[in-house]
Amino acid sequence: MPNYLNNKWIRGVLPALFIHLSIGSVYAFSLLSKPIADYIGRTQSSVQFAFSLAIFFLGTSAAFGGNIVEKNIRRSSLLSMFFFISGLIITGISVYLKSLLGVYIGYGCIMGIGLGIGYLTPVKTLMLWFSEHRGLATGIAVCSFGFGSALATPIINKLITTLPVYQVFWGLAGVYALPMLLSHWLIRKPHVAVAHSESNDFKLKELLKNPTFICIWLMVYINIGCGLAVIPNAVSILSSYNVGKVALTVGIMGIFNGAGRLIFSAVSDKFPKREVIYYLIFTLSFIACIIGMIFKTCLPITLVVVSACYGAGFSCLPSLLSDRFGMNNISKIHGWSLTAWALAGLTGNQMANLINGKTGSYTPVFIVISALYLIGLFISLRIKEKN
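Mapping the sequence shown onto the working numbering, position 47 (from 1) lands on 49, and the numbers just tick up by one.
Please keep in mind that the hints were generated in silico from the structure rather than gathered at the bench.
Possibly wrong hints are sitting among the right ones.
Claimed, not checked - Result set (SDA-like, lysine to any residue): computed pairs, CA atoms no more than 20 Å apart in a straight line:
1) 10 - 135
2) 205 - 329
3) 205 - 12
4) 36 - 156
5) 36 - 50
6) 247 - 268
7) 211 - 134
8) 272 - 288
9) 275 - 69
10) 73 - 190
11) 298 - 234
12) 73 - 165
13) 36 - 191
14) 298 - 191
15) 275 - 220
16) 73 - 188
17) 298 - 220
18) 36 - 164
19) 36 - 100
20) 191 - 362
21) 247 - 297
22) 205 - 69
23) 10 - 132
24) 36 - 275
25) 191 - 12
26) 36 - 235
27) 360 - 376
28) 211 - 36
29) 272 - 329
Model, not experiment: these values are computed from the prediction.
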């Protein structure tokens, strides 16, 4: 490739957009869960568990895949494409065979591994290319992951009106194979950073005992778990309180989920203590929940704020970790911090459904997550200045 194309936009930003816009389509699974359930003769809730599995395997594969990302960024991009595309293909075959277990394996496990490796792959590369603006760099990648469902929605709607549901997954595999292959071909680290980035001094036991890492892990878990307690239930929450403009609110939530990732991470570059952003995330989320509980007509605002802060927590995480632990092993450390996402994916929404099922109201759900946001704020104040 000519030298004028070896720059941060071609080698860093473009591959990040290709990868994260592709794998971010996982958030559009709700469009497919009912057609799958109808086709294979299962309940929609049982099919939706495939999404929870995908998020669980995203977090766990990110933890174990961090070493691959550190050693060889192009290998990790190729592995991500292989698992993501093959997971879609296997899901289509499983739906055709009317096998719910196959859907769990294909979409939840195999594709979930592709999500985890793909999520990590461009993050450190971008931080190396944008060394003076690491928050903005990670915001670019994670923002595109948030917008992935917006891009996937019209594609899925078009495919699902013209093809049997099992063929939709094969169509999606074809649609996303090209951009992921292009990202594999384009992505590179800056030459000056390659030797520096391949450090072998990472010790997992020390990391898991580190008070700062534990605090950050808990903050991530709380923010994601609380977000997943209300965001997937937005329609039910608004309907149960007879709040109008449901479709409009859900659309705005999606926009702010993506925009919050970019805006908060870019703003974080302005602060010498990047954890200030997490003070803001937990404070805004807490206040929004309290206002929503007191004034039910303000619930759309509550959901939009929670969505923005939910997305912001993802984008501000890598740069915060790099501030506290350095850049040498950031992909490994970032990967292990995402196990919080894996656990939150299995517990957040289930917590809300359990509480609502027992009480018949979402008000106790907001009481619980408000308390959790306060705990998250307290934890963020306990982060040490420097490791």
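Evaluation of the provided hints:
Note on residue 10 and residue 135: the hinted pairing holds, with a Cα-Cα distance of about 12 Å set against a maximum of 20 Å. A hinted pair counts as satisfied when its Cα atoms are at most 20 Å apart, and residue 205 with residue 329 qualifies at roughly 15 Å. This hinted pair does not check out: residue 205 and residue 12 have alpha carbons roughly 33 Å apart, beyond 20 Å. Among the hinted pairs, residue 36 with residue 156 is consistent with the structure: their alpha-carbon atoms are about 17 Å apart, no more than 20 Å.
As the CA atoms of residue 36 and residue 50 are separated by approximately 9 Å, the hinted pair is consistent with the 20 Å bound. Between the alpha carbons of residue 247 and residue 268 the distance comes to roughly 31 Å, so the proposed pair goes past 20 Å and is violated. Of the supplied pair hints, the one linking residue 211 and residue 134 is violated, its CA atoms being roughly 30 Å apart against a limit of 20 Å. Between residue 272 and residue 288, the direct Cα distance comes to roughly 24 Å. Violation of the 20 Å bound is thereby established for this hinted pair.
Of the supplied pair hints, the one linking residue 275 and residue 69 is violated, its CA atoms being roughly 28 Å apart against a limit of 20 Å. Note on residue 73 and residue 190: the hinted pairing holds, with a Cα-Cα distance of about 12 Å set against a maximum of 20 Å. The straight-line distance between the Cα atoms of residue 298 and residue 234 is roughly 18 Å, inside the 20 Å bound, and the hint therefore holds. Of the pairs offered as hints, the one joining residue 73 and residue 165 is violated, with about 41 Å between alpha carbons and a cut-off of 20 Å exceeded.
In summary, the hint linking residue 36 to residue 191 is not supported, as the alpha carbons are separated by about 42 Å, beyond the 20 Å threshold. At roughly 49 Å between alpha-carbon atoms, residue 298 and residue 191 are farther apart than 20 Å, so this suggested pair is violated. Proximity of residue 275 to residue 220 is assessed by CA-CA distance (about 18 Å); at most 20 Å being required, the pair is judged to hold. For the given pair, residue 73 sits about 17 Å from residue 188 by alpha-carbon distance, which is consistent with the 20 Å threshold.
A hinted pair counts as satisfied when its Cα atoms are at most 20 Å apart, and residue 298 with residue 220 does not qualify at roughly 30 Å. Between residue 36 and residue 164 the CA atoms are separated by roughly 16 Å; this keeps the pair inside 20 Å, and the hint holds. The straight-line distance between the Cα atoms of residue 36 and residue 100 is roughly 14 Å, inside the 20 Å bound, and the hint therefore holds. In summary, the hint linking residue 191 to residue 362 is not supported, as the alpha carbons are separated by about 52 Å, beyond the 20 Å threshold.
Simply put, residue 247 and residue 297 have alpha-carbon atoms about 16 Å apart, close enough for the 20 Å limit, and the pair holds. For the given pair, residue 205 sits about 12 Å from residue 69 by alpha-carbon distance, which is consistent with the 20 Å threshold. For the hint pairing residue 10 with residue 132, the CA-to-CA distance comes to about 8 Å; that is within 20 Å, so the pair holds. Taken as a hint, the residue 36 and residue 275 pair is broken in the structure, with Cα atoms around 45 Å apart against an allowance of 20 Å.
Distance check on the hinted pair: residue 191 and residue 12 sit about 11 Å apart at the alpha-carbon level, within 20 Å; holds. With a C-alpha separation of about 16 Å, the suggested pair residue 36 and residue 235 falls inside the 20 Å cut-off, and the hint holds. Restraint check for residue 360 and residue 376: the C-alpha separation of about 24 Å exceeds 20 Å, so the hint is violated. Taking the CA atoms of residue 211 and residue 36, the gap is near 43 Å; set against the 20 Å cutoff, the hint is violated.
The suggested pairing of residue 272 with residue 329 holds, with an alpha-carbon distance near 19 Å, which does not exceed 20 Å.
Against the hints set out earlier in the document, violations occur for numbers 3, 6, 7, 8, 9, 12, 13, 14, 17, 20, 24, 27, 28.
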